[in-house]
Structure formats: structure tokens, C-alpha cells
Amino acid sequence: MSTVHLSAITKQFGKVTAVEDLDLLIREGEFFTFLGPSGCGKTTTLRMVAGFYYPTKGVVKFNDRDMTTVPPEKRNTGMVFQNYALFPHMTVFENVAFGLKVRKMNKADTKKRVEDVLRKVRLDQYAERQVSQLSGGQQQRVALARALVIEPDILLLDEPLSNLDARLRDEMRAEILRLQKEYQITTIYVTHDQVEALTMSDRIAVFNFGKCQQVGTPTEIYNEPVNDFVAEFIGETNLLAVVEAGSGESQRSYHVDMLDNDVTVNNTSLNVAEYTENDELRMSVRPEAVEVSDQPITGTNVFPGKVKMVQFTGAAVHTYVEMNDRLTLVGTALNQGPSTYLKEGAEVYVRLPEDQIRIVPKAGV
Amino acid sequence: MLNAEKRKTLLLLIPVILVLIGYVLYPTLRTAYESFFHNGVLSLQNYEDFFGTKAKANLQALWNSVWISLLSVLFSALIGVPLAYIFNRYEFPGRRFFSNIAIMPIVLPSLVGVMAFMFLYGEAGLIPNAIKDLLNLSEVPFKIGGISGILIVHAYTMYPYFYMTTASALSNLDPSLEEAASNLGANRFKVFWQVTFPLLTPGLVAASLLVFMVSMASFSAPFLLAGGFRVLSLQIYFSKINGDLEMAATQSVILSIVSIVFLLFMRWYQGRKDYRMASKGIGAHRSEVSNPLLKWTMVTLGVFAVVILLLPHATLLILSLVPEGTWTWQTYPTVFNLENYTMLFDTPYIWEPVRNSLIMAFIACLGVFVFGIFTSYALVKRKFIGKNLLDILVMIPWALPATVVGMNLILAFNSPNPFSFGQILVGTFWILPLAYFVRFLPLVVRSTNAVLEQLDDSIEEAAQNLGAKWFYTFRKVVIPIIMPGVLSGTLLAFVQAVGEFPTSVLLYTIGNRPISIEIMNQLRMFNIGQAAAYGMIQVALIAVVMFISSRFLGVKAEKSLG
Chain H
1 MSTVHLSAIT
11 KQFGKVTAVE
21 DLDLLIREGE
31 FFTFLGPSGC
41 GKTTTLRMVA
51 GFYYPTKGVV
61 KFNDRDMTTV
71 PPEKRNTGMV
81 FQNYALFPHM
91 TVFENVAFGL
101 KVRKMNKADT
111 KKRVEDVLRK
121 VRLDQYAERQ
131 VSQLSGGQQQ
141 RVALARALVI
151 EPDILLLDEP
161 LSNLDARLRD
171 EMRAEILRLQ
181 KEYQITTIYV
191 THDQVEALTM
201 SDRIAVFNFG
211 KCQQVGTPTE
221 IYNEPVNDFV
231 AEFIGETNLL
241 AVVEAGSGES
251 QRSYHVDMLD
261 NDVTVNNTSL
271 NVAEYTENDE
281 LRMSVRPEAV
291 EVSDQPITGT
301 NVFPGKVKMV
311 QFTGAAVHTY
321 VEMNDRLTLV
331 GTALNQGPST
341 YLKEGAEVYV
351 RLPEDQIRIV
361 PKAGV
Chain W
1 MLNAEKRKTL
11 LLLIPVILVL
21 IGYVLYPTLR
31 TAYESFFHNG
41 VLSLQNYEDF
51 FGTKAKANLQ
61 ALWNSVWISL
71 LSVLFSALIG
81 VPLAYIFNRY
91 EFPGRRFFSN
101 IAIMPIVLPS
111 LVGVMAFMFL
121 YGEAGLIPNA
131 IKDLLNLSEV
141 PFKIGGISGI
151 LIVHAYTMYP
161 YFYMTTASAL
171 SNLDPSLEEA
181 ASNLGANRFK
191 VFWQVTFPLL
201 TPGLVAASLL
211 VFMVSMASFS
221 APFLLAGGFR
231 VLSLQIYFSK
241 INGDLEMAAT
251 QSVILSIVSI
261 VFLLFMRWYQ
271 GRKDYRMASK
281 GIGAHRSEVS
291 NPLLKWTMVT
301 LGVFAVVILL
311 LPHATLLILS
321 LVPEGTWTWQ
331 TYPTVFNLEN
341 YTMLFDTPYI
351 WEPVRNSLIM
361 AFIACLGVFV
371 FGIFTSYALV
381 KRKFIGKNLL
391 DILVMIPWAL
401 PATVVGMNLI
411 LAFNSPNPFS
421 FGQILVGTFW
431 ILPLAYFVRF
441 LPLVVRSTNA
451 VLEQLDDSIE
461 EAAQNLGAKW
471 FYTFRKVVIP
481 IIMPGVLSGT
491 LLAFVQAVGE
501 FPTSVLLYTI
511 GNRPISIEIM
521 NQLRMFNIGQ
531 AAAYGMIQVA
541 LIAVVMFISS
551 RFLGVKAEKS
561 LG
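Line by line, the protein sequences are chains H and W. Residue numbers for the first sequence, in the UniProt record's numbering: 1 to 365. Residue numbers for the second sequence, in the UniProt record's numbering: 1 to 562.
Only chain H is shown next, with the shape it has when bound in the complex (with noise of 0.2 angstroms):
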């Protein structure tokens, strides 16, 4: 076990900077996610923890040690790859005992610590079947197994789940998480898909074009995102573009000029990001935050709108509402029976709730 300490890594593939002027640090037995889209840097990270690329500029450390150019076979880190990366002329067994090998491990050992992890993995009875006559699943469990066996330093899963079905993704969640537990292992994880980062990680790190934009626990890039990237590749969300009218004690008003109006905004750290008075500003509400309703409904912020289209998702039901020609902003609420769908082409009031608004900046390029 151990953390893992980047400070200001640069990484250039030629001309182009794959990831720019990072600080991160990993602290011991979390699970860190980095999230982000294809190509925003997250993976050439990763590979600069297990040692595949060096940095251009910067330092790599778990705890104390300077490990920025160690060769990989010398890091003690675990990896489990996108595609698996099982060797095909290898029974389960033989993959998995393969890092003891390299490690001159004795024969009786290396036996009962596979066993051990197979077991773990359940996959117990499948030591002598050949990798290429397992399931997906299966061979997911296989290269979990033969990363942890080692006992590494640090556990890294690149998009580990990506090849996988939906059900099944969502059982090696669960047991990916359990694992982690059980060896209080320092994890880190990548992935593009924000459900997995939100359920299973301690903190996230998100990132888009080479840049960490934000490092928080799932909740907070959720509630708090720093800018509009994070705003809007964490959830769904309702992103306006605002310019601030008016600060008071309590509350804010923002022109929104697509809604040819202002809002209100409760003045707090939760519902203002910090900005400064250069940025461009846009206004994030989230679907089930907003208030849709045939009614008319008193408060602050409620506007007029028609119901554009009804979409029915079984648990929730998310109400198109158009504002006007320019605007349509979306509304989730939970399923509660047929009284609650709302009829294409209704004339409606919404309200975006003042505590539930968040303001953010553009996020720089």
C-alpha cells in the first residue's frame, strides 16, 4: 500500500501535450477515479503511474519514493487492462501465477496464494481451463486475480468494465469494489462512464484535454462542479448562458438572455462557484431540480412554458418543457402513477429553484 503523488507532470507525444501541468495525490487505500471523455489525458496518466511512459516534465512518488523513471517491471503496481490482456497460451492458473514466477516465488506457495485468489475471485474451479474458453466476465475475474496476486502497491484498472455487458458490469462493480475493500488496496480507476465513477469511487478526478479540471468526492463534482465541463459531463444538467445582474447579501440575479429574464441565486459557496469577474458565466440546473407543474406555482423564478414531449423512462419520467423558440428546458421527476405525466402541448409553469441553481464558469481551453 502506498500513495501516489504527481506533481506537475507534463507529458508530450511530439508536438501534442497529452497532459498538461497536473498535481494530484492519491492518498493510501482510496479509490480515485480519473473521468473524463476519450482523448482528455486519463489513460497516458494512468500509464505514468505503472510506468509505461515517462513524463516530460515532473515527478512521480508512491509515498516517499521518486519512482518518475523506474521501469514498470519495478514498480510493484497491479494493472488490469481494457482488453484483459490475458496470455492466450496460458491456462487460468498460469496467468495468474505468472507475477509469482517472475518473482521466484516456490512452487507450494505460489499454489496456495493462487488458490487463495481464485477463490477470492470465485473462479476456483476454472484453474485449468484454458483463458479463451471463458466468458467476458470471466476473464475480467482472471486479470482482477492476476493483478491482485502479486500484492501490489497500487491496483490500476484502465476502462476495465467497457467490454462488458450491462448486467455484467454492474455485478463486477460490486465485486471489484469488494476486492478493493478486502485488500484495502490503493485503486486507481479509469473510466469514461460517470455511473461507474459516482458509485464507486472516494474521489474522482475529472479531466478534459489534458487538464484536471476538478478533484472532489462524488458528491461534491456532482453538486459543486467547478465549471461548465464539469457541469455537464457529470449528470444531466440544464446549462444557460448568464451574465451577473445584481449581488446582494443573501442572493444573486442573473440575466439569463435566453429566457429573456433573471434569476435569483441563493448567495452561497454551493449555489456560486468561484469565478472571477473576466469569466464567462453559465447557469447549471439539474433536471430533477426543476419544478414542472400545470399549476400555477408561486415563488421566485417560474416561468411559462408548453410540455414539447413527455419521454417515459420507467423510474422517472422527464418532461421537455419549451420556454420559447430559443429554449427547452428539461424536468425529471420520479414515476408516481399516471396523474403525474403531463400531456404533450400543456401550458405549464416552471420554477428553478433558487437554493438548487448552480452558477459556474466557462471552463478555459
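Just so you know, the hints here were simulated from the structure itself, not pulled from any lab data. One or more of the hints may lead you astray.
Derived pair list, reagent style SDA-like, types lysine to any residue, alpha-carbon separation capped at 25 angstroms [claimed, not checked]: (1) K6(W) with F371(W); (2) K476(W) with E291(H); (3) K74(H) with E94(H); (4) K120(H) with E94(H); (5) K476(W) with Q82(H); (6) K476(W) with T110(H); (7) K362(H) with A289(H); (8) K120(H) with Y183(H); (9) K387(W) with Q12(H); (10) K101(H) with A4(W); (11) K57(H) with P480(W); (12) K469(W) with A289(H); (13) K308(H) with E291(H); (14) K120(H) with R173(H); (15) K101(H) with P480(W); (16) K381(W) with K362(H); (17) K74(H) with D456(W); (18) K57(H) with F384(W); (19) K469(W) with R113(H); (20) K469(W) with R65(H); (21) K381(W) with R65(H); (22) K211(H) with Y183(H).
Got chain H; can you put chain W on it based on the hints?
This is chain W only, laid out in the frame that chain H set:
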């Protein structure tokens, strides 16, 4: 530390580059250098002799080579493409058997094949004489020889390139494309010409280039069949035999230029982005032939093709059973026994060439095997500047006609130099294994490239991540995974080296004369039976290798030839 990877790459590249420079680049340049000397004086006289008005023979030979090659492409395509289409698109009794037989010409080493054709369709051939006797004609109705002979042999041996590319393109072709065209209202004719055919073109162009190159390089067929007809690959041999090494060098340079231009053109063509199929999971798509007349026409066609294709093999088998001195003035052989085969084992001078060939091919293949793996690994898995150049360098011996490779080695190693460790190699045992090594290196590199490209980088990274050093990973992970592909390539190189004729005829000594040379000797002594028996050994060897490859290595050996 930052340079650890680069150091490994460099360490890997140094031997690779040294060998390629010493045995590929230097001999080629040496030939070019020699071509500028006339009677030991630096001059352009040789080129003047080649292109000038004085010696028309060379220019004529170049021109002959070109149009023979063009016609070979045409005839090969005319046989290969329709055959592939019929055998892959229609389902009828025996289809699978026919399609397996269709690649049989590959199982015939070129010299042996030409010999079989001579005895089948030549002046004293079995078929023309049989027809003559059956119909009571006074003369044979037809015979092959000269240009017609060369073209027929070329068409027979080279159509499989078209057959294989067409067959594989057809099986990669998503049937839903044709169905979409039909659905949009195109009739069958339109579907073929506007959808199917355009999608086949990349493969057809590649096959055409390949056949053209192979045909330009062809040596055995003109050697045995040409008579007075001259082609360039043969001219080189004659110049060398006449002792005019400078002219041989000049002719080699001209032929090399043509070949290398084609190699570069082919690389460019295949490297272009073309319209590959995006869809996955393509099922076989064959129309059942229900019309009985059509069905049996196809079966008949199949049977007919099989007979034609296997006749050379059968002829070889029959001839190999004819003992020496029993088939002289008779039209047909009358005595058959196994004497030619038993003599292999109890007569040392009969066995010797077989032993020589096996030993020399083995040495060459050992070299090719080891060196091929490292070269291919460097080319596929390592990043370095000049990779493209190295790739071309590896492929040069493949593109160069065998005769030219032989000439290059003669000119490079008939004097001591560092790459021969200060020895003169020409006239020794070692020159032939070296020639086979150079000739068949590209084949093994290509087949190894194919498997290495399939090997995802993450496999090596996983091993490294688990603590394995590079060499451990290479031995325990990379090598075992790629071994089947490498082995099948090497085995194929082995059988080809055993049968190799063009370089052998330029470089052999009495002491290390290989099978192909002994076949020529036996033919010269009219001991056809023994020559055929040698041929059968090669055919059997190739059959064994193809069986091993497809059965144990899971690789279609013929794939490596394309």
C-alpha cells in the same frame, strides 16, 4: 534511465542492420558498382551495350520479359478469378473438394512443375502422343514449347495468386452489400459490376502486381522451355556462364530496377487507405445451384479442373516409377518399379543431393528463423527512425528475381570482405546456405509480422507490469504466442529452399550440388525416372509441411506466399 527503451531498440537493431547491410544491401550495391566497369575500366559501355544499337539481344530480352509477364497476368487472372468466383459463390456437390484442389499448383516446385509439363504436353509428351495414337494421326496434334510453353506454365503456377486473393476478398465481402444493391433494384449483372467487382479491385491489382513480378523473375520455365527465345532473367545466366560478369551485373541492375519499382509501387498501393469492410461477423454466402443442368455443368467443370490441375502431379508420380534405361525409343514407358526410390537409399551419389539440399536448407532456415523473429519484432513492436527504410531493405530479396540475388552474391563474395570474415565464399559450401537465407528471409519476416501485428501491445505490458523483464517477457510470452506463425513460415521457407533452382544453378559446386541441380543432370542424361523421383520427394515434403501447418499450427501455409 529514460533511454532504457531506446537502448533495447538499438541493441536489437544493430545485428539486424548489420546482417541486412552485409548480405542484402552490400551485394546489391556491389552489382551496381560492377555494372559501371567495362574490362576493368570505369565506363558506361555496358549500358550502351544493353540499350545501344549494337546488341539488340538484351533489349529484346527485356521487352520479351515484359510482354510475357503482361500476358501471364492476363491468363492467370482469366483462370483464377472465375474459378474463385464459381467455387466460392455457388454451392454444388464437391465444391469444397474442388476449392481445396485449386491451390495445388503451389505444391509443385517450379523446376519440377516445368519438367512435368514437358513430359505431359511437350514434343514427346504423353497427352499429345496419346491423342495422336487414339485418333491415328500422323503427327502430334499439338505440343508446347517456347513462348506457348512458358505462358502455359506461368498461367498454371501463377493463377493461384488470383484465385486466393479473389477467394479471400469474396469471403470478406459483406453479403448485405449485394443484398442492399438488389433491394435498391439492381439486377444481378449490375450488382456484380457496380458493387462486387469494385470491391474486388484492390485484391486484383495486388495480385496483378505480384504475378507480374513473379513472372519477370521466372527462371525455370524459360530455362527448360524457351529454346531460342530470350528473357532477361535467362540472359543474366548466359552472361555469367560466358564469363561476362560485368554484363551480367548490368542486366541484373536493369532487372532490379524494374523489380524494386514494382515493390515500391505495391507498398504504396497496399498502404493506401482503401474501402475495407466496416461490418463484422460475415457469414458464408453461397447460392445453392438448383437448376440441374447448371449444377452438373459446374460439377463437370470442377472435375475437369481437378484433372488438369493434378495431371502434372500424377505424371510425376508415374515417371518416377520408370527405371533408368527402360524408356528410350518407346512412345510410352512400359516398365514400372520402385528402383528410383530404393536407389536413393543404397546409392550414395543419388542420395547425396538430397542430403545436401536438406542440410543447406536446414542451415538457412535456422538462420532465417532466429533472425526473422528479431527483425520482425523490431519492425512491428519497436519505434525508431528509418523503420520504413528497414522494411524495404528486408523486402528487397523478395522483390529481386532469384537470378539477380544469385548474381549479387557472386559479385559480393568472389573476393574477401568483412561480411564473409575475409573469406571468398563463392565456390564454397557456405555460399548456397547464404543464398537461401537471403532469398527466404522476407517470407519468414512477413509471416512473423502477420502474427506479431495480431499480438496486442498490452500483452507485453501486462507481463512487464507483473514484474517480468524484457527478455523474460520475450521468451515466455511473445515467443510462445507467435511460434505457430513463425514455424509455418519457416517450414515453407524450408521446402522452398530444398527445391530452389535459380540461385543454386549460379552458385553450386560439385560437392554441395542440391536436388534441383541433380534433376537437371538426370534430365540431361535422359534418366527421367530419377529426376521425377527427386521431384516427388519435394512434392511429398511440401505436402507434409502444409499438413503440419494446417493441422498443428493452425495456419494456412499458402497464405504466406501471397
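Now for the hints, and whether the structure bears them out:
no., hint, in the structure
1, K6(W) with F371(W), "holds (20 angstroms)"
2, K476(W) with E291(H), "violated (63 angstroms)"
3, K74(H) with E94(H), "holds (21 angstroms)"
4, K120(H) with E94(H), "holds (17 angstroms)"
5, K476(W) with Q82(H), "holds (22 angstroms)"
6, K476(W) with T110(H), "holds (18 angstroms)"
7, K362(H) with A289(H), "holds (21 angstroms)"
8, K120(H) with Y183(H), "holds (11 angstroms)"
9, K387(W) with Q12(H), "holds (22 angstroms)"
10, K101(H) with A4(W), "holds (24 angstroms)"
11, K57(H) with P480(W), "violated (38 angstroms)"
12, K469(W) with A289(H), "violated (55 angstroms)"
13, K308(H) with E291(H), "holds (15 angstroms)"
14, K120(H) with R173(H), "holds (15 angstroms)"
15, K101(H) with P480(W), "holds (17 angstroms)"
16, K381(W) with K362(H), "violated (42 angstroms)"
17, K74(H) with D456(W), "holds (22 angstroms)"
18, K57(H) with F384(W), "holds (22 angstroms)"
19, K469(W) with R113(H), "holds (22 angstroms)"
20, K469(W) with R65(H), "holds (21 angstroms)"
21, K381(W) with R65(H), "violated (31 angstroms)"
22, K211(H) with Y183(H), "violated (31 angstroms)"
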